[in-house]
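Note that the protein sequences, when read in sequence, are chains E and P. Taking the working numbering, the leading residue of the first sequence gets 355, the next gets one more, and so forth. Taking the working numbering, the leading residue of the second sequence gets 52, the next gets one more, and so forth.
Hint data in this document are derived by calculation from the structure and do not stem from the laboratory. Even glycine gets a Cβ: it sits at the ideal position worked out from N, Cα and C. There may be inaccurate statements among the hints.
Computed from the model, here is a short list of chain E residues facing chain P with C-beta under 7 angstroms [claimed, not checked]:
1) Trp405
2) Val531
3) Trp537
4) Gly543
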Amino acid sequence: MNNFASINKLTGRYPWISNLLIIPVLILLVVVYAWSLEGIGINAEVLNNSWFYVTDFISRFFPPNLDVLSNAVKALIQTIQMSLWGTTIGAIISVPIAIASASNIAPVWLQWLANFIQNAVRSVPSIILGLIFVAATGLGAPAGTLALSIYTIGYLAKFYQQAIEAVNSRSIESLQVIGASRWQITQYGIVPQVLPLALGYTLWMFEYNIRAASVLGVVGAGGIGFELKSYIDGFEYNKATTFMLVLLVVVTVIDFFSSLLRRRLDSM
Amino acid sequence: MHSDARVSTLKSKKLSVLSAELLVSSYSSLSTQHSALNTQHSALNTLFAMNEIVIECRDVETAFLKSLHRPILNQVNCQIRRGEFVALLGLNGAGKSTLLRSFVGLTQVSRGTITVDDIQMAPTTLPKIRRHVGMLFQGGGLIRQLSAVENVLCGRLGVRKPWQTLFGFPKQDYRLALQLLDELGLHEHAYQKTSSLSGGQQQRVAIARALIQSPQVLLADEPITGLDIMAAKQVMDTLAKLNSEHGITIVTVLHDLGIAAEYAQRALVLDAGRIVYDGACNNLQSEFAQIGSLSK
Numbered sequence: 355m356n357n358f359a360s361i362n363k364l365t366g367r368y369p370w371i372s373n374l375l376i377i378p379v380l381i382l383l384v385v386v387y388a389w390s391l392e393g394i395g396i397n398a399e400v401l402n403n404s405w406f407y408v409t410d411f412i413s414r415f416f417p418p419n420l421d422v423l424s425n426a427v428k429a430l431i432q433t434i435q436m437s438l439w440g441t442t443i444g445a446i447i448s449v450p451i452a453i454a455s456a457s458n459i460a461p462v463w464l465q466w467l468a469n470f471i472q473n474a475v476r477s478v479p480s481i482i483l484g485l486i487f488v489a490a491t492g493l494g495a496p497a498g499t500l501a502l503s504i505y506t507i508g509y510l511a512k513f514y515q516q517a518i519e520a521v522n523s524r525s526i527e528s529l530q531v532i533g534a535s536r537w538q539i540t541q542y543g544i545v546p547q548v549l550p551l552a553l554g555y556t557l558w559m560f561e562y563n564i565r566a567a568s569v570l571g572v573v574g575a576g577g578i579g580f581e582l583k584s585y586i587d588g589f590e591y592n593k594a595t596t597f598m599l600v601l602l603v604v605v606t607v608i609d610f611f612s613s614l615l616r617r618r619l620d621s622m
Numbered sequence: 052m053h054s055d056a057r058v059s060t061l062k063s064k065k066l067s068v069l070s071a072e073l074l075v076s077s078y079s080s081l082s083t084q085h086s087a088l089n090t091q092h093s094a095l096n097t098l099f100a101m102n103e104i105v106i107e108c109r110d111v112e113t114a115f116l117k118s119l120h121r122p123i124l125n126q127v128n129c130q131i132r133r134g135e136f137v138a139l140l141g142l143n144g145a146g147k148s149t150l151l152r153s154f155v156g157l158t159q160v161s162r163g164t165i166t167v168d169d170i171q172m173a174p175t176t177l178p179k180i181r182r183h184v185g186m187l188f189q190g191g192g193l194i195r196q197l198s199a200v201e202n203v204l205c206g207r208l209g210v211r212k213p214w215q216t217l218f219g220f221p222k223q224d225y226r227l228a229l230q231l232l233d234e235l236g237l238h239e240h241a242y243q244k245t246s247s248l249s250g251g252q253q254q255r256v257a258i259a260r261a262l263i264q265s266p267q268v269l270l271a272d273e274p275i276t277g278l279d280i281m282a283a284k285q286v287m288d289t290l291a292k293l294n295s296e297h298g299i300t301i302v303t304v305l306h307d308l309g310i311a312a313e314y315a316q317r318a319l320v321l322d323a324g325r326i327v328y329d330g331a332c333n334n335l336q337s338e339f340a341q342i343g344s345l346s347k
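Please model the complete structure; the sequences and the hints are all you need to start from.
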């Protein structure tokens, strides 16, 4: 008892003493990180040996070959077109799935089914979706667009579901008591609350899909990734750089505008 | 007595036929008409009106809750008479809100009957019952993304068909909504988004939305919880005015015994799903002291 009192007195007079307790936690953290590093197998020797190759590889990307600029722009426009349609188709399909999985609207058995569909779609990587649709429709943008639309469902259905579940239940009850019909409750109660959120998510998905579409090209599903990969495979790194720079510019510009738009939606 | 009864039912019919528009515009002329009539048959008339039962609960019970080891409402019997201002009181979890919500069919009742305006509550009669009853929810229950006037207009959804409101509301509804907001001192906030209004202003928008239905009964679930003293007083004064001047029956869940005593004529005190006190509001403190000692 006396000891505790003296410790309390000590920490009372010198508050930094109680901060010392963080030291064992820090030590534990360092141990966990070291252990993980050991597991990955990265060490100074690996880094030292690979440094040369990394710098060599990167140096071959410069300077960018601007001869292919018009090609890059063309491929990029196709990527944006793929994202636009993929996101839109996916968003449309997501709406009924989201409604069916929302706990404040749908019956439990339907929720279970809709959530299962969501999880199943979400667990398939976009590359695999690309491969599936390349097998179905052949190489090119149609395969990529369809792959994107399915990929979109996995995310937007979940986001829309959360937006629907965030609807204030009292506001819906109040419309019920007023005697509004189901359609009127949807039009005046649910849609105004869900729409700003849902539009924001869709915008984010469109932006995300431009990047996802770039990856899909690697398996031949159209878009900018297709040419990007063939240049790298053909050791034409300078041309690949042009493509990546164009992609960077477009992603930045779209991100700027969509975050501007989303901020306006958030204030709704 | 017979002729008095006829006058009275005629009057109540007239009230029910009255649109909210009349309620707003010709309210003053109506009340003078009322008072003229009232002075003639004053005593008998008020006696009759006060005795007319608007809401009656008989042995109302909700489903058994395992977590509570009892139903939320446990054999509730009560009557609300026309023109009354009744406060529902009780500790948290006593069943006040559940009882209030059962009056408009928002609570699943497993046993007993609820009668509103002589209509027994059932899924088929619910739309008819809800036509005469307005409800204020805790926090307003408004759609925060819509403007104040749009929220008030939502009160007309019950009398408008879906195709009539598909592209907005008729002009006369708009006029009416603006007029009501004006009366409640929200003139300059009519087109403001509801989420940007203060708590008290939101509750007054909710009152306007209930009034546009021209209800005979107004139920309020903790209408002043979370409001500051001034806003709370404003809301309670509005309710009192609706009660005394428009003859709207008011049932409200309250937490503040002082406010209940100030505004309500009668209190129903609930404890563990039962009504333990039904009477005047002048001795509420000691009633609550008893509840405290009982649950200990």
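Comparing the hints with the structure gives:
1. Trp405: At about 55 angstroms, which exceeds the 7 angstroms cut-off, the nearest Cβ of chain P leaves the hint on Trp405/E violated.
2. Val531: holds, 5 angstroms
3. Trp537: holds, 4 angstroms
4. Gly543: Hint on Gly543/E: holds, closest Cβ of chain P at ~6 angstroms, below 7 angstroms.
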